[in-house]
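Chemist: Throw the hints in and build the complete structure from the sequences for me.
In the UniProt record's numbering, the protein residues as written are 1 to 303.
Accuracy of the hints is not assured; some may be wrong.
Claimed, not checked - Label-pair ranges, simulated between beta-carbon atoms:
(1) Thr-59 <-> Thr-240: 17 to 23 Å
(2) Arg-135 <-> Thr-240: 27 to 33 Å
(3) Ala-50 <-> Leu-99: 35 to 41 Å
(4) His-40 <-> Arg-226: 43 to 49 Å
(5) Glu-176 <-> Thr-107: 17 to 23 Å
(6) Pro-293 <-> Ala-204: 39 to 45 Å
(7) Ala-225 <-> Pro-126: 40 to 46 Å
(8) Ser-161 <-> Ala-50: 31 to 37 Å
(9) His-40 <-> Asp-92: 32 to 38 Å
(10) Asp-249 <-> Asp-52: 16 to 22 Å
(11) Phe-252 <-> Ser-291: 19 to 25 Å
Read the hints as simulated data drawn from the structure, not as lab findings.
Note that the structure is predicted; figures quoted are calculated from it, not measured.
Note that beta-carbon positions come from the ideal geometry of N, C-alpha and C, so glycine has one too.
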Amino acid sequence: MWSDVTDRQNGQGGIVSETDVARRPEHMTAGREHDQFYEHLTQRNRGLIAGDEQQHLRTATVLVAGCGSIGGAVVEPLVRLGAETLRLAEPDTFELHNLNRQNGVLTDVGVNKAVALAARARAINPHAAIQVETRGVVPETVEPLLDGAALVIDGIDVTTSRALSCKRLLHVRAHERGVPVISGYDIAGVQMVLVHDYRDPRVAVLGGRLGADRPTPLEPLPFLARVVPLHVLPPEIIPTLERRARGEDVDFPQLGYTAGAFGVIAARVALDLLEGRRVRRRIVLDVHQLSRPSRIAARGVAP
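Modeler: This is the structure in structure tokens:
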């Protein structure tokens, strides 16, 4: 099974249907048995998630654009929460150095990230309808990916100009369609979640910090300077930013617990947006500050 999927995604790419990713067990049938399975899967949500909320999540189509540190962190929480219709878009394969923070395992190395995550999601809920787009978000795929989507999770990379162009394209098209987008930025111990509720026509593309007609290419450091407020930037990341500003070829360090925090926050925000509830436009969680004694945290230094 994996060799077939891997060969296909390493070729010309494209959408891989859920039946290509994992075979449905013979004892799982449509209709009543599916409903019974879903009732058991979401049984422990009751009392915290109302029945109509659960149904809205179940029937909503959620696009996860980018399945690395950010997008990959939300797939499993959404499926466990009860989402059943997902579109996963990601052009890259897992590499060993991804495993410190991304939801892959050693046997996933060399496998497209979206394909691997789809298999994991269907291992939790074999009834889930999952499509995989191995070309990622590009001009040829963005419209089909957004067709019928109720919500977008933006996990597209911010460390290359090419990826930033894809991110901007996604937001421009989502804005045109009035589809809300949840974006995440993991910076050292800080997880910053930005909510772009494009159902409100007053909400500008990417918060108005980057105009839709802004010329390409976008550069990572100027982009982050526009999107991430200075007071949110953790001091631990400053040396890396300075080295990159000098043109040094250094990796952008990322941590597993910070990336994982996006899944926690975004899953709840997704539920709120699907219910039409108002949410904060920016949510910031600093894991490092949370664990420090208040006296030290107030000074903004490590113990």
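Chemist: Which of the listed hints are broken here?
Modeler: Going through the list in order, the structure violates hints 1, 5, 8 and 10 and respects the others.
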